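As given, the protein sequences belong to chains A and B, one line each in that order.
Residues in the first sequence are numbered from 1 upward in steps of one, following the numbering used here.
Residues in the second sequence are numbered from 772 upward in steps of one, following the numbering used here.
The hints are simulated quantities; they were obtained by calculation from the structure and are not laboratory data.
Among the hints, a few may not be true.
Partial chain A-side listing against chain B, Cβ under 7 Å, derived [unchecked claim]: (1) 104; (2) 131; (3) 698; (4) 705; (5) 709.
In this text, all values refer to a predicted model and were calculated from it rather than measured experimentally.
Here a beta-carbon is modelled for each residue, glycine too, at the ideal position from N, C-alpha and C.
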Amino acid sequence: MSTTVKIPATHLETGSRQVGRPLERIDAKGKAVGSTRYAGDYVMPDMLHAKVLRSTVASANLRRLDVTKARALPGVVCVLTGADVPKHMVSTDIPGQTGSWGQNTGQPILVHDRVRYFGEPLALIASESRDIAERAMTLIEPEYEPLPGVFDPIEALKPEAPLVQGVGNVVASQMVRKGDVKHGFETADVIVERVYRTQFIEHAFLEPEVGLSWIDENDVINIHVSTQVIEHFRVVADAVGLPYNRVRIRGALVGGGFGGKEDVTVEIYLALLALATRRPVRLEYTREDSFVGHGKRHPFVMTYRTGVKNDGTITALEAKFIADAGAYVFLSPSVMVYAATAAPGPYKIDNLIADAKAVATNNMYTSAFRGFGAAQACVAYEQQMDEVAKAIGMDPVKFRRKNYMRAGDRTATGVVVPSAIWTEQCVDQAWTALGEPVEVSGPIKIGRGVAACLQGYGRLTSLHDTSEGWVGVERDGTVTVRSGVTDIGAGQVSALAQIAAEVLGVTLQDVAVYNSDSAVTPLAGTTTATRALYMTGNAIRQAAEAVRRRLAQRAAKAFNVPPDDIDMAFSKVFVADDPAQSMAFRDLVRICAAEGIHCSELAMFCAPFTEKLNPETGQGQVHPDFSYGAHAIELTVDTETGEITVIKSVGAHDVGRAINPAAVEGQIEGGAVQGQGYALSEEMIYKEGRLMTPSLSEYLIPTAMDVPQVKCIILESGSGLGPFGAKGIGEAALTPVAAAIANAVADAIGVRIAELPITPEKVVNALREKE
Amino acid sequence: MYQTTNTRIIVPEFDVRQPTSLEAVLRELEHNAKGTRLLAGGTDLLVQIKLERTQPARLIDITRVPELMGMAVKDGMLIVGAATSIRTLANGVGVRERYTALAESCDAFSTVPVMIMGTIGGNLCNASPAADTAPALFAFDGAVELASCEGSRRTVPLDEFFVGPGRTVMREDEVMVAVRLPKTAAGTGSAFVKIGRVAADISKVSAAVKLVRKDDRVSECRIAVGAVAATPMRAYTAEQYLAGRRIDAKTLADAARAVEEDVKPITDVRSTKEYRTHVAGVAVKDALGAAWQRARGGERQ
Ligand SMILES: Cc1cc2nc3c(=O)[nH]c(=O)nc-3n(C[C@H](O)[C@H](O)[C@H](O)COP(=O)(O)OP(=O)(O)OC[C@H]3O[C@@H](n4cnc5c(N)ncnc54)[C@H](O)[C@@H]3O)c2cc1C
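Assemble the whole structure, with the sequences as input and the hints as a guide.
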């Protein structure tokens, strides 16, 4: 579906044999032929089926929850309510392999007395069949005493607003202060101001949440689950009151996550039911359960005010973000950090104020979603860039070029980025790739738009993130990799195999990766935050290199040359300048084994560790590094019906180094499609907290029929902090897409629709108002 | 409520019959029509069962009944068996040439699997205001043939078939046997326009037009719109206005305005009343334009 242009930097190592090639991923065949087992494919003898009963009101006291009829239904084995489960709160922030502590933000496992959002879990049922569990749900009678709720973050900020929880409705905030904004605006020739809005959206991963739990012969709770974070074993242990080493989480290949499986999903329910029944329990969400069962992307209200000189120099920016956090905190604090620090985007803005606030409401809670606050900021800053360019009569690409942050410049938080900043190359490549415009006539208007972005890769440096990985070589010359990493569909596991193959001079087929088991694979941390390749890839590279060093030393002795002269490729070990002097890799491993040379290594990679940002100024390091990229769009708008058709979609990203270009393409294509849905059709609509779009027939993701062929342009600066100079692409691929589409619509119809999604209804209204 | 969901797996606790003749279908109905539903492609019925809008105890699968399948031309009239799939209908011999709007309405079905499974009878009996084939069948002056267990048969013009959302004049003991479409006259042109939210979607608004062009004027014209009222509806005001006129920018705009005045859409999660009203006019205008072009010279038939 995509055409790809690869633009490598000239200085990259050219000698690599495995890395950099579009190899067939090791998970590809199983997925293509349907033989891959996902978490939902595991069953056990004597297994029970679980269901979660959820509230159908958004704000109430739970007066009574009568489960006697449900318990009496034949086939029902267990019904648990808030009264039956420990009063522990489920921690809702900072999962994974981090050194920092959570912030005491929590949600009750099951409602005790107060319901705060529509869909909040009330009771768990385990029964002999799913059908019985469903019938039991209808026999439970919750009695509510309705309480006034608040459903809009701006309303929730007012002093008279009902309190959702805690001491105030502002649950997280982040500010950034740089330079002298007052002076900046005074020296501006033109000031442009606009409010941009984004909506609740849903991850809509293919595979709804699912898991299977059982208690094993060592009294350990095992949970086989679809998750981005196997380190949740700690959260589960805390919730059910067990030591951490008594909960084991096994992942599986994941059918998509996008941040929606970053928080705990079914794990705690499964653990509680397994403990209560001492039988295996399976819990699988339907699509509709999934829609009400996990957090959404934060909707933002973003007020941007930019001062600019007539020559195109930006003199000041003031950005205010108000985000709807929903009823519980979850990852809102980190999302606010991402948003506020990304407020100026990839532009050098010396006078800056950014304020981000997450406000509690009785809507569905919001949490991680690909792009994580920085994606919402991009929707605002890139629309604003177009509007400012228009206000001073400058070409939008030229205006951007004048303001790009370049190597050596300081970011919004005052740090110098350690890698190359190729925003200009990305924008120019994407924009040029649009080529000649298509021809249109009559009511059809054509529009083009571009958006650039920056996106941190790796988690917040204040989290003290680490990743461990193990590499060993076997006596038949094969390589084993062990890493806790979960593969959420992007090829995380295959990339590790490719890295190990590169370092140890074998081929992809020679490498087996064991992953995603919290008890037996080294903990690698979350597959979130565009960190898996950066963190886990580095750990595996380190481990493989340590093994290689020892093997090379032994080979050097055999060939009587210095170790640096030894090369390994295609399962042979040889003297680099004299390949005739060689032996099979397998034979070298056997020699080492016989001599007690250690043929494996456990390595730990640590991201940079910093303090939190200065709370007053927001200055300090936020991310280990940034990816830069751009997306360009050509589309048509039917000015009579308001219908928008995306004609061309081009993503250009500096990924540092494409370990597997085919996998990078997959990310850019997926980002283009998901971003198009964000821009044009997707919206989770809540009315007084109640979900009005409960299934995929109301919530509209684009299908293959709605998207054009995506063009991927992969740039390789080789400057990233990941293995072999890689940066990250997972989130960056999505971030600029919606803004590029919004800009293209504005270009086509001459009015800006500053509220996503840009539906035909809004287009028609905007055109009417313009007349 | 979210617990009754259209993607959950339901336990099949109903009796399923698979008769192989119309007579056998009617006999089944005769014995107990109550609690029994006919099952064609199931693309509407199964969704409704999952959403618990209906809880039939018995299903009669009618897709093995030869009398209900396939197409034939009799006395110039096209007769389509009620259990004919949308895709078979779209590809039927002569359908695209003579009943272009109908073929286009089948093409507009959201996805290929639904086109293969869904049937014309199911589309009409389900009586959704957004049923895509309905406006086209209105435009071609279609009628449906119903059979009941007492052996009676009746033919109901489609104009009179729909009563409200999900409701028709059909009785519980009746089966739709076929859809009948009169022969199209020389100089006929037709078109169907659908406006959805994404490509794979049911209609937000749909429109079908059939007109006969004679001496460069509209000698006859039928216009129908979907998803803008409780049932698919004719746009009579626009039809009357256009009779005897030429199609040009002005008459198109006037016709669109007339349609806007006739329709009575609602605001729901898929669209707004205002948008549907406006776009019904646009859809009719576009369909009229296309039908007028196609009718040029009367070379069809
Ligand atoms: C994903 C999806 C997409 C869809 N997209 C579209 C679309 O784009 N456009 C559109 O118009 N519709 C669409 N539909 C709705 C549906 O597919 C159509 O209405 C289809 O034509 C129904 O036909 P069926 O044979 O599947 O009906 P069934 O579900 O089998 O039956 C529907 C109803 O009609 C009754 N019935 C069926 N045949 C007869 C008969 N011969 N006599 C008496 N009663 C009968 C049944 O008892 C039932 O009440 C979609 C549905 C789904 C699930």
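How the hints compare with the structure:
| no. | hint | in the structure |
| --- | --- | --- |
| 1 | 104 | 31 Å, violated |
| 2 | 131 | 5 Å, holds |
| 3 | 698 | 5 Å, holds |
| 4 | 705 | 3 Å, holds |
| 5 | 709 | 15 Å, violated |
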